Amino acid sequence: MTCTIESKERGGIINPMYTCQPAGGQYASIGVKDCIPLVHGGQGCTMFVRLLFAQHFKENFAVASSSVHEEAAVFGGTKRIVEGVEVLARRYPELRVIPIITTCSTEVIGDDIEGTITACYKMLAKEFPGRTIHLVPVHTPSFKGSQVSGYDEAVKSLVKTLAKKEQPAGKLNVFPGWVNPGDVAELKFYLDEMGVDGTILMDTGRFDSPMLPDKSLQTEGSTTVEDLQGTANAIGSIALARYEGAGAADYLKNEFGVPCIHSPTAYGIANTDTLLRNISQLTGKPIPESLVWERGRALNALTDLAHMFFADKKVAIFGHPDMVIGLAQFCMEVEMKPVLLLFGDDNGRYKRDPRVAELKKANLDFDMEIVCNADLWELERRIKEKTIELDLIMGHSKGRYIAIDANIPMVRVGFPTFDRAGLQRHPTIGYRGAMQLGETIANTLFAHMEYTKDREWILNTW
Amino acid sequence: MGSKVDDLFDYVQERCLWQFHSRTWDRSENIDGIIGKAIDLLAGREPAADTPAERCFVADAKVMVADFRSRFPWIREASETEVTEVLGGLRDRLTDLAITRSRNHELTHTLY
Amino acid sequence: MPMVLLECDQDIPERERHIYFKAPGEDSRDYLPAANAPTIPGTLSERGCSFCGAKLVIGGVLKDTIQMIHGPLGCAYDTWHTKRYPSDNGHFQLKYSWSTDMKESHIVFGGEKRLEKCMHEAFDAMPEIKRMVVYTTCPTALIGDDVKAVVKKVTAARTDVDIFTVECPGFAGVSQSKGHHVLNIGWVSEKVGTVEPEITSEYTINFIGDYNIQGDTDVLQRYWDRLGIQVIAHFTGNSTYDACRSMHRAKLNVVNCARSAGYIANELKRLYGIPRLDIDSWGFNYMAEAIRKVASFFGLEEKAEELIAEETAKWKPQLDWYKERLQGKKMAIWTGGPRLWHWTKAVEDDLGVEVVAMSSKFGHEEDFEKVIARGRNGTYYIDDPNELEFFEIMDKAKPDIIFTGPRVGDLVKKLHIPYVNGHAYHNGPYMGFEGFVNMARDMYNATHNPLFRLAAIDIRDDRALLVEEAA
Numbered sequence: 001m002t003c004t005i006e007s008k009e010r011g012g013i014i015n016p017m018y019t020c021q022p023a024g025g026q027y028a029s030i031g032v033k034d035c036i037p038l039v040h041g042g043q044g045c046t047m048f049v050r051l052l053f054a055q056h057f058k059e060n061f062a063v064a065s066s067s068v069h070e071e072a073a074v075f076g077g078t079k080r081i082v083e084g085v086e087v088l089a090r091r092y093p094e095l096r097v098i099p100i101i102t103t104c105s106t107e108v109i110g111d112d113i114e115g116t117i118t119a120c121y122k123m124l125a126k127e128f129p130g131r132t133i134h135l136v137p138v139h140t141p142s143f144k145g146s147q148v149s150g151y152d153e154a155v156k157s158l159v160k161t162l163a164k165k166e167q168p169a170g171k172l173n174v175f176p177g178w179v180n181p182g183d184v185a186e187l188k189f190y191l192d193e194m195g196v197d198g199t200i201l202m203d204t205g206r207f208d209s210p211m212l213p214d215k216s217l218q219t220e221g222s223t224t225v226e227d228l229q230g231t232a233n234a235i236g237s238i239a240l241a242r243y244e245g246a247g248a249a250d251y252l253k254n255e256f257g258v259p260c261i262h263s264p265t266a267y268g269i270a271n272t273d274t275l276l277r278n279i280s281q282l283t284g285k286p287i288p289e290s291l292v293w294e295r296g297r298a299l300n301a302l303t304d305l306a307h308m309f310f311a312d313k314k315v316a317i318f319g320h321p322d323m324v325i326g327l328a329q330f331c332m333e334v335e336m337k338p339v340l341l342l343f344g345d346d347n348g349r350y351k352r353d354p355r356v357a358e359l360k361k362a363n364l365d366f367d368m369e370i371v372c373n374a375d376l377w378e379l380e381r382r383i384k385e386k387t388i389e390l391d392l393i394m395g396h397s398k399g400r401y402i403a404i405d406a407n408i409p410m411v412r413v414g415f416p417t418f419d420r421a422g423l424q425r426h427p428t429i430g431y432r433g434a435m436q437l438g439e440t441i442a443n444t445l446f447a448h449m450e451y452t453k454d455r456e457w458i459l460n461t462w
Numbered sequence: 001m002g003s004k005v006d007d008l009f010d011y012v013q014e015r016c017l018w019q020f021h022s023r024t025w026d027r028s029e030n031i032d033g034i035i036g037k038a039i040d041l042l043a044g045r046e047p048a049a050d051t052p053a054e055r056c057f058v059a060d061a062k063v064m065v066a067d068f069r070s071r072f073p074w075i076r077e078a079s080e081t082e083v084t085e086v087l088g089g090l091r092d093r094l095t096d097l098a099i100t101r102s103r104n105h106e107l108t109h110t111l112y
Numbered sequence: 001m002p003m004v005l006l007e008c009d010q011d012i013p014e015r016e017r018h019i020y021f022k023a024p025g026e027d028s029r030d031y032l033p034a035a036n037a038p039t040i041p042g043t044l045s046e047r048g049c050s051f052c053g054a055k056l057v058i059g060g061v062l063k064d065t066i067q068m069i070h071g072p073l074g075c076a077y078d079t080w081h082t083k084r085y086p087s088d089n090g091h092f093q094l095k096y097s098w099s100t101d102m103k104e105s106h107i108v109f110g111g112e113k114r115l116e117k118c119m120h121e122a123f124d125a126m127p128e129i130k131r132m133v134v135y136t137t138c139p140t141a142l143i144g145d146d147v148k149a150v151v152k153k154v155t156a157a158r159t160d161v162d163i164f165t166v167e168c169p170g171f172a173g174v175s176q177s178k179g180h181h182v183l184n185i186g187w188v189s190e191k192v193g194t195v196e197p198e199i200t201s202e203y204t205i206n207f208i209g210d211y212n213i214q215g216d217t218d219v220l221q222r223y224w225d226r227l228g229i230q231v232i233a234h235f236t237g238n239s240t241y242d243a244c245r246s247m248h249r250a251k252l253n254v255v256n257c258a259r260s261a262g263y264i265a266n267e268l269k270r271l272y273g274i275p276r277l278d279i280d281s282w283g284f285n286y287m288a289e290a291i292r293k294v295a296s297f298f299g300l301e302e303k304a305e306e307l308i309a310e311e312t313a314k315w316k317p318q319l320d321w322y323k324e325r326l327q328g329k330k331m332a333i334w335t336g337g338p339r340l341w342h343w344t345k346a347v348e349d350d351l352g353v354e355v356v357a358m359s360s361k362f363g364h365e366e367d368f369e370k371v372i373a374r375g376r377n378g379t380y381y382i383d384d385p386n387e388l389e390f391f392e393i394m395d396k397a398k399p400d401i402i403f404t405g406p407r408v409g410d411l412v413k414k415l416h417i418p419y420v421n422g423h424a425y426h427n428g429p430y431m432g433f434e435g436f437v438n439m440a441r442d443m444y445n446a447t448h449n450p451l452f453r454l455a456a457i458d459i460r461d462d463r464a465l466l467v468e469e470a471a
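Chains as they are written, first to last, in our numbering: chain A, 1 to 462; chain B, 1 to 112; chain C, 1 to 471.
The following block holds chain A by itself, in its conformation from the complex (with noise of 0.2 Å):
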């Protein structure tokens, strides 16, 4: 029984996994306060991942567009930045970061982005004395890698232009990746619990944000300039995701000497633990009591279902690299065999990446093909050539008609979830998430064995 990896034979897109570069650049700026991106490119690449934001989250958020119309296009649109860039400032008094985010269209007409801030920084100047404002460069042509890289590029740049080597601090940079408001609520509880004083990168904790009676707006972004500024000078960094945040946490190391882990990302029991051992190691903080039962009581949950239900059945999982790779490991905790996983771009490090050797190397009692530059073509096609057979599907809703025609039940994770309300605010990370995915898995597929009358008379005495 074996792994193997192979990447997508198909030139085209059937159904893309993921969207471009720049969705990833605006995603991480809107976990940053006091900041509205600037997108440098046509009016779809913002108003669109606006769209989608608001479709997963059902929130709002501000995200600002060059309005690159066709003069731009052919003249080059770099004097539009500087207008955004004035507008915004006059506009939104309170505002203090503007990442500003390319596109395909900006980035083959070749804006000089960098000079055009310098520009900017004049105007502002001139303008606005006595006022901050950080302009950040953000190169995300949509042409090269997707969201996930975008992500990284956006994560990594805004740390680049803002992290300021000051006094040590003591504080611990999370970089959780593309993660949904209820992981970093885990997160900050694990923290809490160990006594450590962390920052996370990005914090989108309130994009779970309450209807309140003075109707104030409270959707946005928790991490600060000056959070962002002290990554220079944290104890330590712990990125929990490989691909999404991680070379940040690089740069931080090889700038500041800032020590890094990579630790898996924390889906599942086993990689949880490392998360908290790494947390310990890298702060000298115990592991305390708390925590012990926290992973007791997900165990306790989790033991009630994987060989029973759980054990046996054959899993597809696509959406972000690192969720996949750890939703595959947590699936094999609970007896689950994820036999088809996919990647939604061609970055070449998927092939090289250490958890997908191990996955190679592990003495697997099933196959497992793992397929890179993947569209959700891969998937439907496997079902409806009957090369693959499928108990479960896990991913995100843009799958959802997969899933749907194919009659399989399916577990929404990742980003987007907008078929299924309110999955953003409950943890898929660490002993929490581990329990309450299982138990949405087990959930879905019980209603699944009633719906089409599958053994249903098993859960009469469950």
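Just so you know, the hints here were simulated from the structure itself, not pulled from any lab data. Everything numeric in this text was worked out from a predicted model, so none of it was measured. No false leads were slipped in.
Covered by chain C, per the in silico footprint, the following chain B stretches (three or more residues, Cβ under 8 Å): (1) 4-17; (2) 20-31; (3) 55-67; (4) 100-107.
Calculated pairs, BS3-like style, for lysine-lysine (alpha carbon to alpha carbon, straight line, at most 27 Å): (5) C:K130 / C:K148; (6) A:K8 / C:K103; (7) A:K8 / C:K113; (8) A:K384 / C:K83; (9) C:K22 / B:K4; (10) A:K253 / A:K351; (11) C:K117 / A:K351; (12) A:K58 / C:K414; (13) C:K130 / A:K384; (14) A:K58 / C:K396; (15) A:K215 / C:K413; (16) C:K414 / A:K33; (17) C:K413 / A:K33; (18) C:K316 / C:K330; (19) A:K58 / C:K83; (20) A:K58 / C:K398; (21) A:K386 / C:K130; (22) C:K95 / A:K384; (23) A:K8 / A:K361; (24) C:K153 / A:K8; (25) A:K384 / C:K117; (26) A:K384 / A:K313; (27) A:K58 / C:K95; (28) C:K329 / A:K215.
If you want a taste of the chain B side facing chain C, the calculated C-beta under 8 Å gives, among others: (29) P52; (30) L97; (31) Y112.
All residues carry an ideal CB built from backbone N, CA and C; glycine is no exception.
Keeping the supplied structure of chain A fixed, place chains B and C upon it in accordance with the hints.
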């Protein structure tokens, strides 16, 4: 007569999309065509409907005339001369609004 | 005070040209918001791009057609799962999106070979599909790929397929609107007249500018069926590619959305002498009027009156029930353009609802002529609105309900204002008699949602609790 034109004008403003078609020539064709058919109908004549365009004008005019009759009792009593005069006034008002004084920059584009 | 410079626009005074407040006693001919004009960078405009105007709004509705998007993957991802236009063949058009997944090497060396390969792959993957629309995007337009030459090659190699090309990169024009235009004109010039339809009735129409949002087309189709009218093509709700190639054979073009598809109706008039009849499909009053006009064109008046009487008897009592409860509610319409003028009188006449503010993302001056003619005094009419303007207008106009998209809907929730999806509907269809009852029901359920009353309470405030208890 002015207030009668006002009545009809306000009605057309609120209900008739044909006054605001894309280009000057469309608007002018529609206004002249439909008002012309409406005069026929109000005068009790069967309007000519020999071409598809004419049939379309009649379709629009019929609905408008039925509404005129139900909303403005005076029009039921009006003589043909008065009808022609009031609807002529309406046509002028519409032409003034939708063409002559329209601030729509696209009206005179030569292409659609 | 005709044109308005809002407080939030003090630093971008050119916005004054785009915002009109209709006041009594003024001659509205003197004022018309500037529209279809460039957007000011950094304003947080709500506009999309012209590519999406072509693909997502019109071409992507075709239920039997591969939508090949020649560009990076984002353009395909973004214009997929963002619309609610079903079809009667299992929603093929909702399920798939195609991209040539353009990479840097294609930017450098050209993407034509890539496009050709992807087109063959797409046909091979779904051998039952024989129709395709190819779209250029910003980068493929900038590098100058000769898409039409590739289409010619693929068509030569596959004799049973037909392919249409839309060259409309996102940066073209100033909004979605340019994409509507390019697709309309391209289609009528290249594809209309290339298929002869089977004629089954002497009464034939094209129904133009309806995209079967939540089944709108189905509702209207039932009316045409009742009248014995054959719809040669819906442009493009629940439509096939070939049906839209045979539009030249209809005797009448019935136009709903004049913004996105008025162009093709104009061209069909010019080229084939088919008259253009503009109607409103939303609202009781309007729907009856539309049916009367279409029927009158064909001399089917009696059948029309029967149909209207029957539908009215069936749905009017329900409509009136809602009207009684919605009377006097204030509404804002924050959508694309045409729905402003389609809806403002319809909700006023049929439901007693006052529209107090309206904004259009991509409407032209023509749309503002229509809506200002129809709309109320004391109402704001705004072109290409931005986010700060939205807050200020909401504060001034104080609507009880907003028809807008989900993102703005998520925003207004925080302001304790309910939203109904003005693009894709909450629980449609909204067209036709039954559709307008659906719309009224959604408005009623939104404005009577108890959660908004609860949201206003601060639980720390004893008096608020007492007042609530007493009430």
